[in-house]
Amino acid sequence: MDLLEYQGKQLFAKHGVPVPEGRPATTVPEAVKAAEDLGFPVVIKAQVQIGGRGKAGGIKLANDRHEAEEHATAILGMDIRGYTVHELYVEKASEIDEEYYAAIVFDRSAKKPMVMLSRVGGMDVEEVAETDPEAMRMLHVDPLLGLQDFHGRRLAFESGIADDVIRPVAAMLAKLYDVFVREDATLVEVNPLLITKSREVVALDAKVTVDDNALYRHPDVAELRDLSAEDPQERMAKERGLTYVKLDGNVGILGNGAGLVMSTLDVVAQAGGRPANFLDAGGGSKAEAITSAVEVILSDDKVRAVLFNIFGGITRCDEVAKGLIEAFEQIKPTVPFVVRLDGTNDKEGRALLAEANLPNVHTEATMLGAAEKVVELAG
Amino acid sequence: MAILVDRDTRLVVSGITGREGTFHSLRNRDYGTNVVAGVTPGKGGQDVDGIPVFNTFHKAVEETGANTAMVFVPPRFAADSILEAEDAGVALIITITEGIPAHDELRVYNHLKRGNSRLVGPNCPGILSPGKANVGIIPAQFFKEGNVGLVSRSGTLTYQIGNELAQRGFGNSSIVGIGGDPVPGSSFIDMIELFEADPETELIVMCGEIGGSAEEEAADYIAENVSKPVLAYIAGFTAPPGKTMGHAGAIVSGSKGTAAAKAEALEAKGVRVGRNPTQVSEIAVEILGARV
Chain U
1 MDLLEYQGKQ
11 LFAKHGVPVP
21 EGRPATTVPE
31 AVKAAEDLGF
41 PVVIKAQVQI
51 GGRGKAGGIK
61 LANDRHEAEE
71 HATAILGMDI
81 RGYTVHELYV
91 EKASEIDEEY
101 YAAIVFDRSA
111 KKPMVMLSRV
121 GGMDVEEVAE
131 TDPEAMRMLH
141 VDPLLGLQDF
151 HGRRLAFESG
161 IADDVIRPVA
171 AMLAKLYDVF
181 VREDATLVEV
191 NPLLITKSRE
201 VVALDAKVTV
211 DDNALYRHPD
221 VAELRDLSAE
231 DPQERMAKER
241 GLTYVKLDGN
251 VGILGNGAGL
261 VMSTLDVVAQ
271 AGGRPANFLD
281 AGGGSKAEAI
291 TSAVEVILSD
301 DKVRAVLFNI
311 FGGITRCDEV
321 AKGLIEAFEQ
331 IKPTVPFVVR
341 LDGTNDKEGR
351 ALLAEANLPN
361 VHTEATMLGA
371 AEKVVELAG
Chain L
1 MAILVDRDTR
11 LVVSGITGRE
21 GTFHSLRNRD
31 YGTNVVAGVT
41 PGKGGQDVDG
51 IPVFNTFHKA
61 VEETGANTAM
71 VFVPPRFAAD
81 SILEAEDAGV
91 ALIITITEGI
101 PAHDELRVYN
111 HLKRGNSRLV
121 GPNCPGILSP
131 GKANVGIIPA
141 QFFKEGNVGL
151 VSRSGTLTYQ
161 IGNELAQRGF
171 GNSSIVGIGG
181 DPVPGSSFID
191 MIELFEADPE
201 TELIVMCGEI
211 GGSAEEEAAD
221 YIAENVSKPV
231 LAYIAGFTAP
241 PGKTMGHAGA
251 IVSGSKGTAA
261 AKAEALEAKG
271 VRVGRNPTQV
281 SEIAVEILGA
291 RV
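Those sequence lines, one after another, are chains U and L. So in my numbering, spot 129 of the first sequence is number 129, and the numbers just go up one at a time. So in my numbering, spot 110 of the second sequence is number 110, and the numbers just go up one at a time.
Treat the hints as calculated values from the structure; they're not laboratory data. Check the hints yourself; a few may be wrong.
Label pairs and their calculated CB-CB ranges [claimed, not checked]: (1) L:Ala260 <-> U:Gly160: 30 to 40 angstroms; (2) L:Gly115 <-> U:Thr27: 53 to 63 angstroms; (3) U:Ser109 <-> L:Lys243: 16 to 26 angstroms; (4) U:Thr27 <-> L:Phe23: 51 to 61 angstroms; (5) U:Glu158 <-> L:Gly115: 26 to 36 angstroms; (6) L:Pro240 <-> U:Ser109: 38 to 48 angstroms; (7) U:Arg153 <-> L:Asp220: 49 to 59 angstroms.
Built from N, CA and C at the ideal position, the CB exists for glycine as well.
Construct the entire structure; sequences and hints are all you get.
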């Protein structure tokens with residue numbers, strides 16, 4: 001789960017990472033009130049989970065009430081690379097002296113947390129990696145030992161940051177590591193890590209990703225999930241406990257098992273089609289789950305045809321067939337379906353479908369045959 | 001021969017008294033796996049269809065000589081259960097549980113690496129050595145003994161590919177699900193190393209997917225260390241960046257972890273990559289010769 005900037009900063013503050021004072025707002029009057037309470041100048045920042053907010057006009061300095069109102073009005077509802085701004089963060093303006101970069105990432109390859117520090121910050125980090133690779137210093141931390149003081153010192157000394165901030169920057173890395181571990185984060189990124197004119201060290205931005213599998217340990221974070229920012233189909237699927245990812249094509253897809261569904265999307269694309277979604281009905285799917293999944297797929301009005309690709313292991317093909325029959329009774333789909341059932345109880349499943357004689361449902365024996373058929377039907 | 005599980009396997013199941021745990025333990029036993037014990041704290045002294053249940057792994061190992069564990073408990077108890085099995089000296093710990101927090105997996109991985117126990121999974125379907133033993137949830141009825149070693153990050157996709165191979169007459173030495181999580185206890189490399197040493201295995205099929213760099217690392221390993229033919233399949237060419245595709249580990253981060261990059265890395269090292277499950281079985285025929 002990706003947090004918004006201000007949510008990340010709230011976690012930072014909880015673990016003692018210095019952040020500028022600020023308040024979230026969802027309306028213009030709220031933003032103006034926040035600005036007045038904080039005292040001008042303030043920065044009004046769009047809260048969206050995408051980089052490049054500044055360039056898109058989503059971050060503005062306001063020196064007075066009038067400017068605060070003007071900027072808040074302009075930014076709320078703005079579209080930033082496909083993300084609509086529903087929330088603002090009003091923050092006390094900081095006096096910038098230097099901008100560094102710090103991050104803690106979950107290094108899957110090394111299977112250890114990796115701490116990163118760069119004396120170049122405030123810009124696209126991948127760009128810095130290309131133009132000035134020496135600027136970025138990184139080291140791995142043994143998760144059983146945790147970040148030691150020497151880790152922070154070593155990074156701070158080796159990164160070439162100003163001498164007077166070596167200690168406070170090292171101290172901030174230790175606190176960011178606390179956030180990473182205690183909040184079950186898989187990413188903690190501060191860009192820029194700000195050195196103010198008075199030489200204070202402050203996290204001016206916060207990008208935090210919390211592990212979905214650990215949200216049960218963090219009910220406060222789980223509550224932050226911004227349902228309004230999610231795609232309506234994805235929200236509907238989540239409420240029904242289905243694993244669904246919206247894509248932009250017109251072939252609806254349902255399969256069992258994440259790998260098989262990914263493979264199904266690929267095979268449909270190879271056949272010249274464009275998948276509308278990823279939907280994993282899961283292992284051991286019962287008829288109700290299938291019915292529910294069909295509803296989610298068809299709630300996307302771009303869908304022109306639907307492919308069921310099932311290889312039954314624990315999942316029984318007769319249950320899948322029952323679910324589809326039930327879905328036809330309840331929803332009466334108008335688009336064609338292609339169904340490929342293989343594995344456990346496949347004969348029973350196919351017999352049920354043949355008996356039900358559903359309108360516009362085609363059965364195919366193979367995955368490739370089914371993909372070709374559904375692409376043809378989707379047009 | 002086979003790898004990891006066989007007729008010498010003495011299985012202890014953590015979570016045997018749960019609904020799924022009971023169902024699959026008995027299914028594994030019906031297949032011929034020697035299921036010697038279960039562990040459920042507080043239910044020691046009971047039995048599940050004749051399989052004795054113990055309060056601790058230590059007691060289970062002491063009483064039954066269990067050498068392999070299957071962990072089937074809910075995610076919030078799973079890391080603890082794996083660590084307990086390791087502490088009790090269980091050599092192989094196969095974890096089926098999906099949804100374990102990534103930081104728990106980090107701690108478990110780094111701890112186990114210092115000892116002698118091997119973890120397979122989490123979030124995996126287990127290991128099947130056809131004709132010998134089945135530990136986990138793989139539907140064994142589709143597979144027979146043979147010379148293809150199969151290792152995969154995914155469950156159903158493995159069944160799909162295994163079944164395509166079976167239709168062309170190929171059987172399997174062992175089928176290993178290493179799981180779809182970001183920190184798998186065992187990697188492709190670990191399993192490929194075992195298949196390389198297994199006399200029964202003549203072809204290794206690895207089934208990867210988007211996310212991480214395990215496939216790229218395997219490509220380098222294969223080029224340097226593996227004499228047997230290796231054939232690969234990668235799922236997720238159409239996956240958009242930044243979206244988790246079902247498995248917690250299946251995510252393209254920025255430009256990293258794409259299916260195209262993985263296929264390219266493997267092919268650059270001489271590993272053939274099938275573009276769909278059917279093509280994998282066609283290439284297997286080219287490598288090993290037609291069986292049917």
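Here is how each hint holds up against the structure:
no., hint, in the structure
1, L:Ala260 <-> U:Gly160: 30 to 40 angstroms, "37 angstroms, holds"
2, L:Gly115 <-> U:Thr27: 53 to 63 angstroms, "57 angstroms, holds"
3, U:Ser109 <-> L:Lys243: 16 to 26 angstroms, "21 angstroms, holds"
4, U:Thr27 <-> L:Phe23: 51 to 61 angstroms, "53 angstroms, holds"
5, U:Glu158 <-> L:Gly115: 26 to 36 angstroms, "33 angstroms, holds"
6, L:Pro240 <-> U:Ser109: 38 to 48 angstroms, "22 angstroms, violated"
7, U:Arg153 <-> L:Asp220: 49 to 59 angstroms, "34 angstroms, violated"
Checked against the numbered hints listed earlier, the structure breaks hints 6 and 7; every other hint is satisfied.
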